[in-house]
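Engineer: Residues per chain are reported as follows:
Protein chains: 2
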Amino acid sequence: MGNQKCGKHSFILDKPPVITTWASVAGKKESEGPLSSTFDITKKDSYFGEKTWEQAEKRMQQIALEQLSKKAGIPKRDFGLVFSGDLLNQCIGSSFTLRNTGIPHIGLYGACSTMSESLLLASMAVGGGFFDKVVAMTSSHFASSERQYRFPLGYGGQRPPTAQWTVTGSGAALVCAGGKGPQITGCTVGTVTDLGIKDANNMGPAMAPAALATIRTHFEDMKTSAEDFDLIVTGDLGQLGKEALLTIAQKEGISLGGKLMDCGTQVFDLLKQDVHSGGSGCGCSAIVLCGHLLDQLNSGKLKKILFCGTGALLSPVSTQQGLPIPGVCHAVSICGG
Amino acid sequence: MGNQKCGKHSFILDKPPVITTWASVAGKKESEGPLSSTFDITKKDSYFGEKTWEQAEKRMQQIALEQLSKKAGIPKRDFGLVFSGDLLNQCIGSSFTLRNTGIPHIGLYGACSTMSESLLLASMAVGGGFFDKVVAMTSSHFASSERQYRFPLGYGGQRPPTAQWTVTGSGAALVCAGGKGPQITGCTVGTVTDLGIKDANNMGPAMAPAALATIRTHFEDMKTSAEDFDLIVTGDLGQLGKEALLTIAQKEGISLGGKLMDCGTQVFDLLKQDVHSGGSGCGCSAIVLCGHLLDQLNSGKLKKILFCGTGALLSPVSTQQGLPIPGVCHAVSICGG
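Chain order of the listed sequences is A and B.
Going from the first sequence to the numbering used here is simple: count from 1 and add 18.
Going from the second sequence to the numbering used here is simple: count from 1 and add 18.
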């Protein structure tokens, strides 16, 4: 029968690609949070041995890729293809990670939805028979993000209570045509959704409508519901965005069945770590997936999750020009190995 | 037999996806160049009716998408998926084009390789059976690029003779599972290649090694050579980059058989239009492909081309931090309809 388009925006994989290996790298604050024990590598040095934060972000991706190679027992040059992107202008974290490695690279920009975007494309590349051993990867860094999107850290700007804390971390997953591990059974591509929220310090609620749109489409396209999942995992809505999602879901009569978990609320201790509304950044859902969640799917503690990376597609320029914050969310359905 | 990976970095499409429709939008300077008659829509107003150059770039993509829909006779909402990206920080040209259209969107960052990157992914999405009616699209704008990468135009900076002129334009192609038109038979994914060139005003030669690496890999993987193509089309190396590519190809013993054509040297009249080394930007290869080249493939004037979008993966931040300019090139083999 083969792969097939399903409903409006989804597809089913005839032979579900397998996530055989995953790796995560996290910074100091993340390693002091509740998921500390689930990261492969943690570093106390925010510069990761480099001279600038942007280069530190690149270094994290390099470490994640090396760790993935080591755990998989596959030399890096044997990876067939890497799908990756990040938040830095022109995605220099990703392109400088891949330069002169000889590994084919396709660069993405999906803001904080990049972990699910890259997994979705990796499942197309493998499920379509085009490539084997495909890596999905992303990263974010608190200091490079603050400087780029908000204020230089040295300025000492006050962070409003609605703000989220960009996760310093990188996650990578290896998607193969065979082998053992959690499987990707189907995906839904998101639409860019914008209800007019303009506050760049309150991005969770700006992304919540995109998350709901994609979850709803996934349910409709796949003729499924929250009951079929152990968890519905959003990327980085944070506490306020999660509450917004629950509110609008209820309003529109879409049951999330008490299954909603947001990576932004899991990666830090919201009461003790002074992160206001929670974690954010591409690295947020990446390190929660490429550690805690895939570990639990692999061990059978979780049977099936809907992984919904959420991205806020703003830029400092669009904010300065008075434009709202469009959101996007891509969903990947993952079954236990 | 199905699709298959071929050699190191390439794949062959079992049922070649068809580029049924294409559309192009170009600015004033482009409409005064040698390819003037091949663009669908040209505008004399650099703002395209908008208040800012970034919004003008978004408007061009909207016009390209509308024109594609009109030419194809398919309402925009029936497009299955749009792969697109641009040069603006956080790719706001693309995401603001797609917002609230209800069309699934996957955002890319491949700098000026985006037209070939998006075509390559569209051929995977269609060829793998995941989606039908997939759009590959990109844009660039001279004024938004100069301001972002170099100097604000009002500053009146001198452009060195090695500089290229960013094309103001947008191109879109519709890739379908069936129908009439040029066909995508195979693709090669590029590797990020960097030989240490650091001059952001001389990007053609910085990208030439990536172009050669991908062309060589395509020839090896597909067991083909320049003889099998009417043209080998590079994205936007410009005159200097084209010469650099010819020099290093000869040095490494790779014959391009006199078939090399660079979009950056075609889109403007290099002698009369004061563009120094030629055109550049994502829009450069996009408007040359989604007009002149696809028209010629469709009419039988060209039988087969290797379309090699080339991207310089620099950012102002990486330049300020003293880093070189990595290049990437993705190749798409297109046969006449």
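There could be a bad hint or two in this list.
Since copy identity is lost for identical chains, a pair holds within one copy or between any two.
[To be verified] Dumping the calculated DSS-like pairs for lysine-lysine here, alpha-carbon to alpha-carbon at most 27 Å:
#	residue 1	residue 2
1	Lys61	Lys321
2	Lys94	Lys241
3	Lys26	Lys61
4	Lys69	Lys94
5	Lys69	Lys216
6	Lys241	Lys89
7	Lys94	Lys26
8	Lys23	Lys88
The hints are simulated quantities; they were obtained by calculation from the structure and are not laboratory data.
Engineer: Which numbered hints are broken by the structure, listed smallest first?
Structural biologist: Violated: hints 1, 3 and 6.
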